[in-house]
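Participant: Got two chains here, separate frames each, mind docking them using the hints?
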Amino acid sequence: MANTWRQGDLIAPDDAVRLGIFENAQRESNRALVISHCCDLAASESVEPTIELLLGQVIAEDQATCRNGHSIRRLDLEGMVAVGTEFARFDVNSRRTVAKLELLHYRPWDEVSYPTLQRSLLRRWLGQRYSRSQFPDAFNAWFKDSGVNEGFEKLGKRDSVILVGVFFDLDDDTERTNPDEPYALGINLVYDTADANNRDRAEKACERLNDLFAKKCKATGRWRWLELLYCEAIADDRFSLRAAREFRRWRFEHRSLEGQPMDTSE
Amino acid sequence: MAQLFAVTRPTIYSWQSGNAISPAHAHQVRKLADALEPHLALFETQIGRIAQRAIDGRTTLLQMLSKGAEPDLAFGHLAAILNEETAQSERLSMRLRGRNGNRGAADLDALS
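Top to bottom, those sequences are chains A and B. Heads up: the first sequence is residues 1 to 266, going by the numbering used here. Heads up: the second sequence is residues 1 to 112, going by the numbering used here.
Bound-form chain B, shown alone (with noise of 0.2 Å):
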């Protein structure tokens, strides 16, 4: 967060504490509260897989809205692949509804 700001984290712990935002800053975090509303009902059920999240080849959200990319497009961007991994989360579910759930594979730690 700091680095999206380019602030120090001490700066961003003062903001959360209520003291003084710059215009500028301000005007930053209303544009992204903005552009992050429409999609606060997804992210909050997935939070773990937001900042991190490679949304533009390698690029991961934060960088991407380091780098200056429009907050609205990118949460879109993010949105749009949250979505369709729910959906392929919901598919596999479905699949594996009735099943016994242990049909004794040899290499689960091929997972690992």
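For reference, chain A alone in the conformation it holds in the complex (with noise of 0.2 Å):
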């Protein structure tokens, strides 16, 4: 039985039923990703007998503020569609598997699919899961804590898609325990150079995250908790390996070293 599938690929809605992935009513806002890496899709069934999916749902291109992989627990995807595109938004959480010897009976889906770039995301973000950056626990109990959080994540939503990163240069592991001696943050948003207007977005996303720092954390006029040092929108070709090796990308929805939620709805 030849093996066509591959990570990225999604199950046509029809076969999805069939398979019992998902029910007949949700076949137009339901989809189903196969993410199992490609060498374990190869792999005779005997070695990696199942394969593994995330479930999704159509969203309208508006809601979709979870591109480029900042968000840790969801991922929007951009499909390419006969004319058009089609977006879908991919849970984390969302996992499920099905038989590898069901799904070879059917063929991934020609009707919507995803472009290289977007399997490339979808490979970063699965990956982020478990290597992404740390950072000190009471840095993020006092990302929180001040209200600075409910505003990132805004800025999260809303220009998700014009950066490609953001990286925050935190050069302090240390545990804190007075909000009085802050840590010492610098911010870096690096942006999308593909469309020239992305700079001008960016820079704005700077001077609002100015605005948030200085009126959460600098209330009486002195530095409480973050004291933010510079931020810096810089475009995606001039932003170095080398400080991607200094910084720390910074996902929405980041957790502490402790593992625990942030905020009691997930």
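Derived from the structure by calculation, the hints contain no laboratory data. Predicted model, so just to flag it, every value in this text is computed and none were measured. By construction, the Cβ of each residue, glycine as well, lies at the ideal position given by its N, Cα and C atoms. Some clues are possibly wrong.
What the hints assert, rightly or not - So the derived label-pair ranges between C-beta atoms look like this:
| # | chain 1 | residue 1 | chain 2 | residue 2 | range |
| --- | --- | --- | --- | --- | --- |
| 1 | A | Thr-174 | B | Arg-91 | 40 to 50 Å |
| 2 | B | Leu-73 | A | Ala-82 | 34 to 44 Å |
| 3 | B | His-27 | A | Ile-59 | 30 to 40 Å |
Claimed, not checked - Residues from chain B that face chain A, not an exhaustive set, calculated with beta carbons under 7 Å:
| # | residue |
| --- | --- |
| 4 | Ala-51 |
| 5 | Asp-56 |
| 6 | Arg-58 |
| 7 | Leu-82 |
| 8 | Leu-96 |
| 9 | Gly-98 |
Facilitator: Next up, the structure:
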């Protein structure tokens, strides 16, 4: 039986219903994405008997606020259809498996597919679950306690399309106890240069962040919790590998080293 | 380049070899060269960033020029972008100066 499946392929809705992945009524709204690694897909079923799937929902483009892998829990992918595109949101916790032998009776869906860049994004997003940067617990706690977190999440939703990375310049792994001795932080918003308007949008985002930190962490005239040293918009073809090695990538809905959820909705 | 002048690629090679060029095309070449001249030093250092760089929305320099944009404005626009980004690079270098360059950031693959 020929195996044509690759990581990032979608199962056709009719086939997903036949496989018992979702109900017939969900054919238009739900999507089933193959996330097993291509090597595991190619391996014999005696070695890799199951295929891992991620389940998602079709969303409107203006609701696709989790692009580019900024969110740890959700990923919005842009699929190619005959005319235009289709956005779908996948949640990292909506996983399930299907028997490889069953899936091999079908072929990947050819009406909606993800181009190479979206598949690369999917691969990175899946990997970040286990490899993302860590921050001191006190830093994470103060990020929330100060009220900065909420505004920062808004930024993520609004500007995830234009930002290819948010990097924190935090050269401090100590666990602090006194908020009046704040962590010193720099923020680098790395924007996509494929659109010349993105620089202005990233610079405006920097202005909003400067205002946010000043309002939340410097209300009394002195920095408390977090001191924002700088916020810089920087082009993706100027941000260097050296910088990536020095700075830490911030993912929205970041978790602490203790692994406890930052909000109770998780 | 051929698209910019609405000619074939061999025609461009022919001009480069010193063969005759029509007055209209010669005028166009001169106009481009004049507009380019003030920015030559900058562009020479950033040669890979010029032609395909989006300078107006998703439109690149060559696309703008092909659509009939004024070369002075188009080159000036690109130069402004490159100058600002050069300043970004310099500020980044300043911030990284003196650091060991390897905190062991976990998700380096995020750059790929």
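Participant: Please name the hints from earlier in the document that this structure breaks, with their numbers sorted from lowest to highest.
Facilitator: Of the numbered hints, 1, 3, 4, 7, 9 do not hold.
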